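Peer 1: So you can see what is in the structure, the chains are spelled out below.
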Amino acid sequence: MNVSHLLISALLMFLATLAPRFVPFVFIQKKITSPFWKSFLFYLPYAVLSALTFPYVLYSTGSLPAAAIATAAALAMSFFELNMAAVAALSFLVAFGLSFLL
Amino acid sequence: MSKKDAYLSGLKKGIAVAIAYLAVSFTFGLAARRGTFPLWFASLISATNLTSAGQFTGIELLRLGAGYLELTLAVFIINLRYALMSFSLSQQVKVRVEPVTRFCMSLFLTDEVFALANEKGGELTPAYYFGLSTLPYLGWQIGTLAGYLSGGLFPNRVIAAAGIAIYCMYIAIFLPPLKKEKGIALAVLTAAAISCATFYLPFVNRIPMGFRVIIAALAATLVAAALFPKKEESIAAPQTEKEANR
Numbered sequence: 001m002n003v004s005h006l007l008i009s010a011l012l013m014f015l016a017t018l019a020p021r022f023v024p025f026v027f028i029q030k031k032i033t034s035p036f037w038k039s040f041l042f043y044l045p046y047a048v049l050s051a052l053t054f055p056y057v058l059y060s061t062g063s064l065p066a067a068a069i070a071t072a073a074a075l076a077m078s079f080f081e082l083n084m085a086a087v088a089a090l091s092f093l094v095a096f097g098l099s100f101l102l
Numbered sequence: 001m002s003k004k005d006a007y008l009s010g011l012k013k014g015i016a017v018a019i020a021y022l023a024v025s026f027t028f029g030l031a032a033r034r035g036t037f038p039l040w041f042a043s044l045i046s047a048t049n050l051t052s053a054g055q056f057t058g059i060e061l062l063r064l065g066a067g068y069l070e071l072t073l074a075v076f077i078i079n080l081r082y083a084l085m086s087f088s089l090s091q092q093v094k095v096r097v098e099p100v101t102r103f104c105m106s107l108f109l110t111d112e113v114f115a116l117a118n119e120k121g122g123e124l125t126p127a128y129y130f131g132l133s134t135l136p137y138l139g140w141q142i143g144t145l146a147g148y149l150s151g152g153l154f155p156n157r158v159i160a161a162a163g164i165a166i167y168c169m170y171i172a173i174f175l176p177p178l179k180k181e182k183g184i185a186l187a188v189l190t191a192a193a194i195s196c197a198t199f200y201l202p203f204v205n206r207i208p209m210g211f212r213v214i215i216a217a218l219a220a221t222l223v224a225a226a227l228f229p230k231k232e233e234s235i236a237a238p239q240t241e242k243e244a245n246r
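Taken in sequence, the protein lines are chains A and B. In terms of the numbering used here, the first sequence has 53 at position 53, counting the first letter as 1, and numbering is strictly consecutive. In terms of the numbering used here, the second sequence has 77 at position 77, counting the first letter as 1, and numbering is strictly consecutive.
What the hints contain is simulated information worked out from the structure, not anything from laboratory work. Hints may contain errors.
[As the list claims (entries may be wrong)] Pair by pair, the computed Cβ-Cβ distance ranges are:
#	chain 1	residue 1	chain 2	residue 2	range
1	A	Ser4	B	Arg206	25 to 31 Å
2	A	Thr33	B	Ser150	49 to 55 Å
3	B	Thr36	A	Leu90	44 to 50 Å
Because the structure is a prediction, the values reported are computed rather than measured. Even for Gly, the Cβ is constructed at its ideal location relative to N, Cα and C.
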């Protein structure tokens, strides 16, 4: 990975992050009226996070069984609405502990 | 309330988010080091992007050798959720906030800063908003640096296990609201199913990862929006009880 490749990549990531952040805020004055597009924007974040998580979470620690059990723990903790940082930290500890066994 | 008071009260409210950001960006620093990216690149990305999902996906795609189009499109789609928040902000601030100020405010727009900005009853002022985002921004930069620099101190076993933290954060974000709204449940489950299908099915899994995620997320969102259109009321994210009490 050379420097110019990284710089171009950084610029593209910056622009791709910036555009959705500022365009509506700076330019749109009136409301979106279409219920379909409102719903689309409403559901998008959840679908994106879910598609990013599955199945990649299973391959995130180098041990598939350890990751699977830690994921199950994260799902259970999130179901009971544990704080986000606690879910991440405890799942990490589960994955770490199991990495000695599995 | 003077501008200074508004800024200071925002600053105070941002402390909790700043601490959470320290932890998440720490794992980003670790991930960047694990991907053998240079430190300046990790810091440049954190300083200009200030977002979790987009940054993690971006460096993962770069590590896999993704092209510029795939990288840009994937990061754009993942960050498209900010368009909704950005739009919501435009309804909350006074019209007389200058476009330049609005532009600067949008640089610091994240899921958590948006949630805090929404909690404020009444008018949202730029001073309060910049107060909110100052410490989280600093936390994000410090965490990235600390994670990257301390990467060498941890055994590989720890760094490998830390890879799961960001995914568990995502789970903690989408699971609680999934219980409350059928549309969200459908979007989440469909996206997971399509994402897994495109990952495991032969031929289809030759599609680069960034595009697979885009396909899964867009298809699931279209299905959910078609079957469960939202009524006129709030388009802001449904808050869990914990968030509402924070």
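Peer 1: Hints first: check each against the structure and report whether it holds.
Peer 2: Checked hints:
| no. | hint | result |
| --- | --- | --- |
| 1 | A:Ser4 x B:Arg206: 25 to 31 Å | 28 Å, holds |
| 2 | A:Thr33 x B:Ser150: 49 to 55 Å | 50 Å, holds |
| 3 | B:Thr36 x A:Leu90: 44 to 50 Å | 29 Å, violated |
The structure fails hint 3 only (numbered hints given earlier).
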